[in-house]
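Visitor: The chain contents come next:
6 protein chains.
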Amino acid sequence: MRVALYPGSFDPVTNGHLDVLTRALAVFDKVVVAVITNPRKTPLLPVETRVVVLETAIRDAGIDADHASVATFDGLTVDAAHVHEARWIVRGLRAVSDFEAEGQLAHNNRVLADDVDTVFFMTAVEFGYISSSLVKEIASYGGDVSSMIPPAAMTALRTLARGR
Amino acid sequence: MRVALYPGSFDPVTNGHLDVLTRALAVFDKVVVAVITNPRKTPLLPVETRVVVLETAIRDAGIDADHASVATFDGLTVDAAHVHEARWIVRGLRAVSDFEAEGQLAHNNRVLADDVDTVFFMTAVEFGYISSSLVKEIASYGGDVSSMIPPAAMTALRTLARGR
Amino acid sequence: MRVALYPGSFDPVTNGHLDVLTRALAVFDKVVVAVITNPRKTPLLPVETRVVVLETAIRDAGIDADHASVATFDGLTVDAAHVHEARWIVRGLRAVSDFEAEGQLAHNNRVLADDVDTVFFMTAVEFGYISSSLVKEIASYGGDVSSMIPPAAMTALRTLARGR
Amino acid sequence: MRVALYPGSFDPVTNGHLDVLTRALAVFDKVVVAVITNPRKTPLLPVETRVVVLETAIRDAGIDADHASVATFDGLTVDAAHVHEARWIVRGLRAVSDFEAEGQLAHNNRVLADDVDTVFFMTAVEFGYISSSLVKEIASYGGDVSSMIPPAAMTALRTLARGR
Amino acid sequence: MRVALYPGSFDPVTNGHLDVLTRALAVFDKVVVAVITNPRKTPLLPVETRVVVLETAIRDAGIDADHASVATFDGLTVDAAHVHEARWIVRGLRAVSDFEAEGQLAHNNRVLADDVDTVFFMTAVEFGYISSSLVKEIASYGGDVSSMIPPAAMTALRTLARGR
Amino acid sequence: MRVALYPGSFDPVTNGHLDVLTRALAVFDKVVVAVITNPRKTPLLPVETRVVVLETAIRDAGIDADHASVATFDGLTVDAAHVHEARWIVRGLRAVSDFEAEGQLAHNNRVLADDVDTVFFMTAVEFGYISSSLVKEIASYGGDVSSMIPPAAMTALRTLARGR
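Protein chains in written order, with my numbering: chain A, 1 to 164; chain B, 1 to 164; chain C, 1 to 164; chain D, 1 to 164; chain E, 1 to 164; chain F, 1 to 164.
Chain A extracted, bound-state conformation (with noise of 0.2 Å):
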């Protein structure tokens, strides 16, 4: 079975993101999305939510959950991987910027686990534009942030935004 594994923040996961997944659950047998809960960085939602977000985000594209799974993990990529026997790393790629951290992410990796590999998958054009940062900025000026992201995603901002 090819086991694929699809780190990110996703704060919160976005229709970019949720295009490269269904790129790649065509490619793989399983993609576990893995969500980094990195203790140092200050995520504008819990972690709790991001994987509930996903999930419910995950079910209502019809996607079958033995296919793809949420899962979170503090460390290593390549250490994550290992654990879900994902030989795969999947990664979006948008612009040059991306590109380039994205190849020194992979070369990486490659050092640390050579049997881990990376696939890369092209974002559509129309989700190009979309970053989980862009959208928490524009969201939190009270822009419409509702193309961007699944409504999952929209539900989560919303009751944050309540809750302040």
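Don't read these hints as lab results, they were simulated from the structure. Given the structure is predicted, the values throughout are model-derived calculations rather than measurements. Don't take every hint at face value.
For lysine-lysine, the following PhoX-like pairs were computed, each having C-alpha atoms within a straight-line distance of at most 25 Å [as the list claims (entries may be wrong)]:
1) C/41 / F/30
2) C/41 / D/30
3) D/41 / D/136
4) E/41 / B/136
5) E/30 / F/30
6) B/41 / B/136
We have chain A; now place chains B, C, D, E and F onto it with these hints.
Guide: Here is chains B, C, D, E and F on its own, set in the frame of chain A:
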């Protein structure tokens, strides 16, 4: 009347910014220089000082105040454009990394407000190496930045240094 | 009156070119679309056809002929700008490699004629992957390019294919 | 069965190509290496030689011929993918300029055939500086390219040189 | 005597830094490795440790201490160059984003001191993926970075980890 | 004695080339400007003219002929370096696309000859927009390139134009 918004931190305004403003003024009937007052960022100069420095630099450049005005905003750039009835956002381009970030912003702004377009000017080569953040770093070490920023900004930096 | 020159090979004009033209028409009082007739390059479509295709595409887009006209030129872009009394050159930006080449041209044009400035528009994301050369390559293999170029350009390509 | 197409000129195949092929074979059940026989380009090696070199290099690498086959095509890459019932196109990424051109091709291919996706692998750092065109230029001056291309390609280049 | 300054944070020094240093030593009579002690940044290793690690790594590499010395500085790089009577600043280049930032710094340094030039060396491909910040991140998760940094830096990171 | 090779087409030499040469001469004891006489490319100026223009421009710049000499070569750059006992190749960097191509060449040259290193200088901002190919295109249309190339190159271009 063709009104454009020229948003930025202007912390402080540089000769590169003034070059872009001058080019934009040739195209548009009015340009509103809009200073971002993002409470989450820590600027060197308080927003009031940045506004006064901009107004002085614009007057010193012999530009009519009816033609170029200075305002502040906190929020989405497209919302500030709507407030000032500006149908265009003006941005200067220097390097490749500028270009990518600016492209992402321009596409997002079109999604948020399809009645606002972004127009880009290429910073003149002699100003292409100047950025506000480098100016601040050089000035903090006593380096001479008088060829990079207008006299009004020099005065503001010196006043700040004396107060420390 | 603010006149701009929009130079290019337009071999053939694409929907990306028309997107840039429409944005430029909102800023300028008149835009002269200027077809380069470089005798050293071998275009697919003869210059007469490219002009007719552009004029038809502009009319089909409901644009007033007084507002956007089509001309040809062989020589320096700044000389063509002077001929048409245009103080601005309009260019569309798509990718990073575009940006670099365009920046070099813009700086050279300023050295050659300091009364002509270049204004850039960011091609809409849905047109960002289209280029005339790719359109020609795809069409030469019988691929469907009808979503990439206007109907007048489709007709010209089909006529050309039949004549071979 | 997951079939992928790995298109290219392979004039000649390099160790970088073989690195990408090996990675692709771990993901896909079958990879068809598809040699472009573009009559408008002038290759160094005739297409028959390029096919034999590829087949030899694949056999020398110990790869099962059922797993990786070699074919030729002239036309659209997505049409070749359909012929071989491949739902994926495999491409290697090295530099930033690769990335931009490849992104444009991938987006165009999706417009032409939405049942074919492109999957990217990052060429290993030790092969990142190798390109077929540089290999040809170095070899034409008698430079040693034996660390850059497989033995079968070395033989083909030497045979060609003797024939001149 | 041709003296060059090689400035950086060296937090910690990597094999990529040592590669650049070795190349610079072939060109210049003396290279002063200058550790930035910016009080506004929070390094992992205290400046004293970084100096000792550098001195040990230089000695371990068999380099004569008269040829390569280690110093610290806080302030403008060109001022540090003047202090050490260095007419050149040495920098390593890896990726495109490196290049842009380095170009901006080099141009600013020429404006600040036209008697100091910047000379660039291309990091060897096998070290091109290494950066101090990635080394720190990988090491913080227990990843093996022994192929990326010299033994002296390994010891410093281990001592630091034990002290926590 | 530290000898460096500065290879290029120099068709014609520009003020940017002379800027790089001057910087290189401060670092190295001798710089051999090496004109590529690639029979497969069609230069504007014959190689003899390019050599004379370079020699004149170097003399006009007040540079000692013992310090900077002009040679021609056809073949691998590292072979030319060996012929002239040069341990370094000098290259100027302007834009991001320059950087990538130059990096690839530098890595290949190290594979071909590990006793030859490449040293890069950043072209001064005022020359950063100049390239020989743009100079040729502008001059062919009668544009004024006198601020971009040395007087000796102007004379050569004018002589060529009269002869046509």
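Visitor: Each of the hints needs a verdict: does it hold here or not?
Guide: Hints and how they fare:
A threshold of 25 Å between alpha carbons decides the hint, and for residue 41 of chain C with residue 30 of chain F the separation of about 42 Å lies outside it, so the pair is violated. With a C-alpha separation of about 42 Å, the suggested pairing of residue 41 of chain C with residue 30 of chain D is violated against the 25 Å cut-off. For the proposed pair residue 41 of chain D and residue 136 of chain D, the alpha carbon gap of about 15 Å is at most 25 Å, so the pair holds. This hinted pair checks out: residue 41 of chain E and residue 136 of chain B have alpha carbons roughly 15 Å apart, not beyond 25 Å.
For the proposed pair residue 30 of chain E and residue 30 of chain F, the alpha carbon gap of about 19 Å is at most 25 Å, so the pair holds. A C-alpha spacing of about 15 Å is found between residue 41 of chain B and residue 136 of chain B, which places the hinted pair at or below 25 Å, so the restraint holds.
Hint compliance for this structure: hints 1, 2 are not met, and every other hint is.
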